[in-house]
Amino acid sequence: MNALQYPEIKPKKKFIKRIYIAVMLWVVGRAIQAAAKVDREVKEEFAKLKDNFLLKMWIWPNGPAMYVGKTKDGKVKYLGWKDKGYKPTLTMTIKSVEAAMLLFTFQEGTAISTARNRLVVDGDLPDACALVRILNIVEVYLLPKIIAKLAVKRYPKWSQMNPLRKHFGRILIYVRAFTF
Amino acid sequence: MKRGAIMQLPAYYEFCNSVKTIVGHKALEQIPQSLKAINAQRPMIITDKGVEQAGLIKIVQAAMQKSKLKAAALFDSVPADSDVKVVNEVAKIYRAKKCDSIIAVGGGSVLDTAKGANILVSENAADLMQFVGYGNVKRKLRPFVAIPTTAGTGSEVTSVAVIANHEKNIKMAFGSLFLLPDIAIIDSRMTKTLPPTITAFTGMDALTHAVEAYFCLAKNPLSDTTALAAIQLIAQNLVNVVKKPSDLDGRLALALASNLAGMAFSNSMVGLVHNIGHAIGGVCGVPHGVCMNILLPYGLEYNMHKRSQYIGELLYPLAGEEVYNKTPKKERPLKTVEYIRKLIQDLHDATDGKHPRFLKEVYDRTGKQMIPKEKLPDIARTAMSDPAQFYNPEDLDYNDYIMVLEAAWEGIPLDRKKIKKG
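Chains B and D, in that order, give the protein sequences.
Mapping the first sequence onto the numbering used here, position 59 (from 1) lands on 59, and the numbers just tick up by one.
Mapping the second sequence onto the numbering used here, position 304 (from 1) lands on 304, and the numbers just tick up by one.
Bear in mind the hints are in silico, worked out from the structure with no lab data behind them.
Remember, predicted model here, so these are calculated numbers, not experimental data.
A couple of the hints might just be wrong.
To be verified - With a Cα cut of at most 16 Å, we get these calculated EDC-like pairs of lysine to aspartate or glutamate: (1) B:K77 x B:D51; (2) B:K149 x D:D395; (3) D:K138 x B:D122.
Using the sequences and the accompanying hints, generate a full structural model.
Written out as structure tokens, the structure reads:
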């Protein structure tokens, strides 16, 4: 038998989708860092997390990825997309590029993505709960209401986030996320 | 008519149940053949003192001896709350006695302990910590037979185990398809001796599994079928069995319902009721089934604005065809809640008031109130760290938890106008 007649099938790379997801991960990572400085609730959530908290969010099996962690002085920092030997305390794995596209094009919110088993969390579950709350707030800041409503279970009411906080926070987060 | 108008099919779902289930009044008589089929020659029986003292192990052993098969070891000291130390002890005995398989006879704690021990002996590991989380048990474990003695947890068909580490004060959750037992044997004799109060709240635990599986976010057509069948069996049999514990047909129906509900929630997960129930269990040490029983109507009320169709559909298996047809579609969701509240009241009456209806009615054996009102903020904070919230249709913040807890404590329906809608 000539084994060469049966070549290994390699998956397509899906470059465009990967680039889109990588950009989205970069935006979300930078926005989390900015929101941790701007928003009181996000700040409080991070304060409750352990000092060595480090999040890895990535697409199985080859990325892209993003890392966000707490520094020694307690600040929240986007650490980039490269694995520099980090030891994540919380890993959120999106099972495929297609699953990530559904999530990052807001066709599926985080909750539905989890319910459909497209998203796997490894690490302390209380940290995962806090992170989902942080992501929800960040999405509300980043996205217009019509899109954010698709991404989160419940869009905050006035009593939870007044328009002044929302719009002022949004400007600050965009400025901080996109300036170096 | 659009297809979706009849049944809304999710765009994607997963379902797995690979457990061979044997059900019957004397189903245990099949145990020799079942063990042979999975090549188990030196099984270890794992159980607790209560099961042993109720004489249930004798029934298992008698069934085994008919084929001259003997248990190579018997461990009967599993505590009420599964513990990592006990898991290590079980694994040690398993290895010393050169066992090759496990028969777990008991409730959720026994089955979870046995699952934990099976991880250790199959992986030849010393520490369970490396397997914590979902998907970290990656290969087939030793042959495992589960024989439930309560009709509530459904652990015999679930792919998860929760084991406490009391030294570190944490609960470790394990999830893997390899944790599913090979065989589940449901024999009515195994639940016959359950006292009425335990029968009542374990039955409500199973009902909660099925109801939450049916209306929460991961519902799917496959888990729906098992959930609906479980709800019907419980509605038709629970109060009767509590009133007449020797009703073996009713016992078998409830044990099967627990199995079906376990199959449903193992695939569709659970929501708010389990979310808050876990927190009450953690903060106040209240048995899981008791919390489920009290919180179930509140879980339905809280999510009604988002899941009214599904909650309304539950009226059919709960109340039967006649009530369902007579009730206008708009009123079915509220009627479902009303029916569940009536079921809780009936159980309260059938147990001479021992079955609690509200959180303030939960007492320990010494008569001390287990959930003082001042503990509600602690419970709410703990609930915010419980992952069952992911699968709940509506979001919850601290104030929402407090609102639900205060209503469940007082025993008043939720004021649905106060529920925040996005």
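Evaluated hints:
1. B:K77 x B:D51: Judged against 16 Å, a Cα distance of about 12 Å means the pair holds.
2. B:K149 x D:D395: Satisfied, since the Cα-Cα distance of roughly 12 Å is no more than 16 Å.
3. D:K138 x B:D122: holds, 15 Å
In this structure, none of the earlier numbered hints is contradicted; all agree with it.
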